[in-house]
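Protein chains: 2
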Amino acid sequence: MDISIGELSRRAGVKVPTIRYYEGIGLMPETSRTEGKQRRYDATHVARLNFIRHARELGFEVEAIRELLDMSGQPDTSCEEADRIARRHLDEVDRRIAKLEALRGELTRMISECGHGRVAECRVIQVLADHDQCAHDRH
Amino acid sequence: MDISIGELSRRAGVKVPTIRYYEGIGLMPETSRTEGKQRRYDATHVARLNFIRHARELGFEVEAIRELLDMSGQPDTSCEEADRIARRHLDEVDRRIAKLEALRGELTRMISECGHGRVAECRVIQVLADHDQCAHDRH
DNA sequence: GGTCGTGCCTCCAGCACCTGGAGGTTCTAG
DNA sequence: CTAGAACCTCCAGGTGCTGGAGGCACGACC
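So the protein sequences, as listed, match chains A and B.
Note that full-length UniProt numbering numbers the first sequence so that position 9 is 9, with each residue one more than the last.
Note that full-length UniProt numbering numbers the second sequence so that position 126 is 126, with each residue one more than the last.
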């Protein structure tokens with residue numbers, strides 16, 4: 001195969017500047033070029049970029065993806081590390097969900113208590129303004 | 001009152017460089033200075049910064065906070081706009097939660113199916129590598 | 001083989017929201 | 001008066017891209 005960066009972009013669903021950015025940070029390898037300096041890719045690059053895209057969609061950080069890619073290149077080693085990375089990330093996702101649920105609760109309450117009158121009585125504004133105690137208590 | 005930036009930082013729970021940053025982007029006003037050019041604040045600044053911090057904790061974007069601050073300065077106008085901003089943000093939070101829940105499902109499945117053997121059979125790596133079809137189907 | 005249009009190249013600036021360091025000045029307690 | 005903490009400005013960096021400017025390459029068609 002002999003794929004241009006635009007074609008790779010289409011096949012993997014990743015924008016062209018993003019591919020170049022991934023090359024810059026070492027997630028994608030520097031690849032062979034045409035005489036006119038244009039990048040040429042093959043099927044292995046499509047697979048790698050798909051791997052990266054999917055990991056990003058799952059919210060893995062670039063550092064974690066780097067490690068996962070290294071691992072997938074060593075199929076005979078233990079996958080303990082991959083498991084650890086995934087669990088760590090799951091914990092992080094759980095934390096984010098918990099935090100957002102709490103926000104959602106507060107926002108919902110704020111909105112439902114808003115009497116739709118003047119700003120002076122607006123619950124939304126009040127909650128934001130009056131949080132001195134709460135915030136200090138929790139720290 | 002006659003508060004230094006460090007004292008303001010402690011009272012509002014916002015780091016000193018962040019306060020200066022907020023001044024730079026216009027969330028906090030430029031304030032009076034001592035002869036030696038050091039910033040001096042009063043109770044209204046503490047309240048304003050608390051408002052900002054709490055709004056940030058609730059995930060409001062800086063632009064939204066700017067609007068909310070403007071509103072809280074006009075207590076006799078309708079709070080319709082505040083309500084709208086809060087609802088818009090709630091929708092956004094709902095979207096983020098939904099997305100994270102989906103991720104959580106996929107991550108949990110991935111981890112539970114991992115046989116803890118070699119990378120070659122690792123479900124975590126496989127899921128990331130084999131998503132060509134899925135991804136293309138959805139587009 | 002010339003030309004046209006699209007796609008590619010590099011470089012750099014910007015987004016959101018801070019964070020921290022360097023190098024220098026000011027405040028304040030003892 | 002002096003020591004040291006806290007302040008000042010300016011600027012670079014971090015995360016993960018994104019897009020524009022200005023210029024060259026590719027390939028299809030005539």
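Honestly, the hints are just simulated from the structure, not real lab data.
Computed from a predicted structure; not experimentally measured.
Take these hints with a grain of salt, some might be off.
Covered by chain B, according to a simulated footprint, are these stretches of chain A (three or more residues, beta-carbon under 8 Å) [stated by the list, open to error]:
{"id": "1", "segment": "15-23"}
{"id": "2", "segment": "29-43"}
{"id": "3", "segment": "50-56"}
{"id": "4", "segment": "71-84"}
{"id": "5", "segment": "87-99"}
Computed list of lysine-lysine pairs in DSSO-like fashion (alpha-carbon distance at most 30 Å, straight line) [claimed, not checked]:
{"id": "6", "chain 1": "B", "residue 1": "37", "chain 2": "B", "residue 2": "15"}
{"id": "7", "chain 1": "A", "residue 1": "37", "chain 2": "A", "residue 2": "15"}
{"id": "8", "chain 1": "A", "residue 1": "99", "chain 2": "B", "residue 2": "15"}
{"id": "9", "chain 1": "A", "residue 1": "99", "chain 2": "B", "residue 2": "99"}
{"id": "10", "chain 1": "B", "residue 1": "99", "chain 2": "A", "residue 2": "15"}
Far from chain A, some chain B residues (derived; all Cβ distances over 12 Å) [claimed, not checked]:
{"id": "11", "residue": "7"}
{"id": "12", "residue": "17"}
{"id": "13", "residue": "21"}
{"id": "14", "residue": "25"}
{"id": "15", "residue": "29"}
{"id": "16", "residue": "32"}
{"id": "17", "residue": "37"}
{"id": "18", "residue": "54"}
Ideal Cβ placement from N, Cα and C applies to all residues, glycine included.
To see whether the hints hold, each was checked on the structure:
{"no.": "1", "hint": "15-23", "result": "violated (count 0)"}
{"no.": "2", "hint": "29-43", "result": "violated (count 0)"}
{"no.": "3", "hint": "50-56", "result": "holds (count 5)"}
{"no.": "4", "hint": "71-84", "result": "holds (count 11)"}
{"no.": "5", "hint": "87-99", "result": "holds (count 7)"}
{"no.": "6", "hint": "B/37 - B/15", "result": "19 Å, holds"}
{"no.": "7", "hint": "A/37 - A/15", "result": "19 Å, holds"}
{"no.": "8", "hint": "A/99 - B/15", "result": "22 Å, holds"}
{"no.": "9", "hint": "A/99 - B/99", "result": "14 Å, holds"}
{"no.": "10", "hint": "B/99 - A/15", "result": "22 Å, holds"}
{"no.": "11", "hint": "7", "result": "14 Å, holds"}
{"no.": "12", "hint": "17", "result": "19 Å, holds"}
{"no.": "13", "hint": "21", "result": "19 Å, holds"}
{"no.": "14", "hint": "25", "result": "18 Å, holds"}
{"no.": "15", "hint": "29", "result": "17 Å, holds"}
{"no.": "16", "hint": "32", "result": "23 Å, holds"}
{"no.": "17", "hint": "37", "result": "29 Å, holds"}
{"no.": "18", "hint": "54", "result": "4 Å, violated"}
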